[in-house]
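Keeping their order, the protein sequence lines are chains A and B.
Quick note: the first sequence, position 137, residue 137 per the working numbering, numbers continuous.
Counting the second sequence from 1 gives a position; the working numbering is that position plus 1000.
Calculated from the structure, these hints are not laboratory results.
Just so it is clear, CB atoms sit at the ideal spot from N, CA and C, and this is done for glycine as well.
Any given hint could be a false lead.
Coverage of chain B stretches by chain A, computed from C-beta distances (three or more under 8 Å per stretch; other residues unrestricted) [stated by the list, open to error]:
#: 1; segment: 1018 to 1032
#: 2; segment: 1047 to 1056
#: 3; segment: 1061 to 1073
#: 4; segment: 1078 to 1091
Listed next, the in silico BS3-like pairs over lysine-lysine satisfying Cα-Cα at most 30 Å (straight line) [what the hints assert, rightly or not]:
#: 5; chain 1: B; residue 1: 1040; chain 2: A; residue 2: 122
#: 6; chain 1: B; residue 1: 1015; chain 2: B; residue 2: 1048
#: 7; chain 1: A; residue 1: 48; chain 2: B; residue 2: 1035
#: 8; chain 1: B; residue 1: 1033; chain 2: A; residue 2: 35
#: 9; chain 1: A; residue 1: 40; chain 2: B; residue 2: 1165
#: 10; chain 1: B; residue 1: 1015; chain 2: A; residue 2: 48
#: 11; chain 1: B; residue 1: 1048; chain 2: B; residue 2: 1122
#: 12; chain 1: A; residue 1: 15; chain 2: A; residue 2: 40
#: 13; chain 1: B; residue 1: 1033; chain 2: A; residue 2: 48
#: 14; chain 1: B; residue 1: 1122; chain 2: A; residue 2: 122
#: 15; chain 1: B; residue 1: 1015; chain 2: A; residue 2: 40
#: 16; chain 1: A; residue 1: 35; chain 2: A; residue 2: 15
#: 17; chain 1: A; residue 1: 35; chain 2: B; residue 2: 1165
#: 18; chain 1: A; residue 1: 15; chain 2: A; residue 2: 165
#: 19; chain 1: A; residue 1: 48; chain 2: A; residue 2: 35
#: 20; chain 1: B; residue 1: 1165; chain 2: B; residue 2: 1122
#: 21; chain 1: A; residue 1: 33; chain 2: B; residue 2: 1015
#: 22; chain 1: A; residue 1: 15; chain 2: B; residue 2: 1165
There are 2 protein chains.
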Amino acid sequence: MIGSEINELIQYLAKIPGLGPRSGRRAALHLIKHKDRLLKPLADAMLKVDESIRSCVQCGNLDTQDPCLVCQDPRRDNTIICVVEQVADLWALERTGCFHGRYHILGGTLSAIDGIGPEDLKIQGLIERVHRIQVQEIILALNATVEGQTTAHYIMERLKLAEVKITALAHGVPVGGELDYLDDGTLSTALASRRSFSETS
Amino acid sequence: MIGSEINELIQYLAKIPGLGPRSGRRAALHLIKHKDRLLKPLADAMLKVDESIRSCVQCGNLDTQDPCLVCQDPRRDNTIICVVEQVADLWALERTGCFHGRYHILGGTLSAIDGIGPEDLKIQGLIERVHRIQVQEIILALNATVEGQTTAHYIMERLKLAEVKITALAHGVPVGGELDYLDDGTLSTALASRRSFSETS
Chain A
1 MIGSEINELI
11 QYLAKIPGLG
21 PRSGRRAALH
31 LIKHKDRLLK
41 PLADAMLKVD
51 ESIRSCVQCG
61 NLDTQDPCLV
71 CQDPRRDNTI
81 ICVVEQVADL
91 WALERTGCFH
101 GRYHILGGTL
111 SAIDGIGPED
121 LKIQGLIERV
131 HRIQVQEIIL
141 ALNATVEGQT
151 TAHYIMERLK
161 LAEVKITALA
171 HGVPVGGELD
181 YLDDGTLSTA
191 LASRRSFSET
201 S
Chain B
1001 MIGSEINELI
1011 QYLAKIPGLG
1021 PRSGRRAALH
1031 LIKHKDRLLK
1041 PLADAMLKVD
1051 ESIRSCVQCG
1061 NLDTQDPCLV
1071 CQDPRRDNTI
1081 ICVVEQVADL
1091 WALERTGCFH
1101 GRYHILGGTL
1111 SAIDGIGPED
1121 LKIQGLIERV
1131 HRIQVQEIIL
1141 ALNATVEGQT
1151 TAHYIMERLK
1161 LAEVKITALA
1171 HGVPVGGELD
1181 YLDDGTLSTA
1191 LASRRSFSET
1201 S
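With the hints as extra help, turn the sequences into a complete structure.
This is the structure:
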């Protein structure tokens, strides 16, 4: 005996990752309780994003401007491109505030199981970008998964002839991580990639 | 370097209970990825609810109609009123499909700490309802918390003079519950309220 309008709202809310039918109901009640402070502004923010968001033609980032803010920024280094799987990874790297080059979003990883081949990803665009502008370094910031590493190797293969330095993120013990809780793969990689103690900061 | 429109969306999403800054970002990306299937319909559903939702003047339920669907339904029993704390409780009871009377939503519980007295709840309205229509039973379906039980006792006190049967939900072992994991309070209540084995179904 829930009204159809509320039911519809709950059903859509339940589709948001992190929510489900139960949290969807809770969210709906919370939104209705805070109609003016949350429900209306959230709906407006959604419509605004719906109307104005687009994919950056250069790097694939989501923004209301095209090229995106990162690609537009004249202070950023054109000679380094950081290759990531998806927008969330770009956001994560931007939050560190440590990278000042450009990005290139692949839109996923190669995956035989899911039938995703090189032509489904923005790999050709990356190759062309590398040849068009004077790129000196490509950072392959892909996930440390089988798919991520396969994709990294494929890109490395394709860029063999281009005169560009190709690097990848370091693997090792996460900052704050305890050895006892680490998986064996990470620990053995960290051991194999050990560095002179004076190098670590 | 996230565009301001997306940032605004993330910030509002993060305020939904069950989400936070991290899930807010994930939700925003998911919504943008499914623009036509989710982002737009959800925004529209929100605006529709924002415009049309109101509190039922009789029971306090949220609906687009006033009186609400439950209060309007001629098949429901006028002689039983189930008193609950909030709308979510009414929804929970409706999901059981076992109750066919009317509801009365208090809008909270008495709480000395939060300074919530009888005049802040819809208690007066309940008393008037009981005297106005021929109510035979009041079910106090309040939470098994100190506040819920205090409120139940207060309402019982206020209804002393009315000729109405007052009942409360049974306390005991939840269906599917294991004794070993139950708190002592529940277990001792279940023991004290034990019933003849033939009574249990």
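Consistency of the hints with the structure:
1. 1018 to 1032: holds (count 11)
2. 1047 to 1056: holds (count 6)
3. 1061 to 1073: Our answer is that it holds, as 8 residues pass the Cβ test (under 8 Å) against chain A, meeting three.
4. 1078 to 1091: holds (count 4)
5. B:1040 / A:122: Given pair residue 1040 of chain B, residue 122 of chain A holds - Cα atoms ~27 Å apart, limit 30 Å.
6. B:1015 / B:1048: holds (20 Å)
7. A:48 / B:1035: holds (12 Å)
8. B:1033 / A:35: Roughly 26 Å separates the two Cα atoms, so the pair holds.
9. A:40 / B:1165: violated (43 Å)
10. B:1015 / A:48: holds (18 Å)
11. B:1048 / B:1122: Roughly 27 Å separates the two Cα atoms, so the pair holds.
12. A:15 / A:40: holds (19 Å)
13. B:1033 / A:48: holds (15 Å)
14. B:1122 / A:122: Violated, at roughly 60 Å.
15. B:1015 / A:40: holds (13 Å)
16. A:35 / A:15: holds (21 Å)
17. A:35 / B:1165: Violated, at roughly 38 Å.
18. A:15 / A:165: This hinted pair is violated, its Cα atoms lying about 43 Å apart.
19. A:48 / A:35: holds (18 Å)
20. B:1165 / B:1122: Given that 30 Å is the threshold and the Cα spacing comes to 20 Å, the pair holds.
21. A:33 / B:1015: Holds. Residue 33 of chain A to residue 1015 of chain B sits at ~13 Å (cutoff 30 Å).
22. A:15 / B:1165: violated (43 Å)
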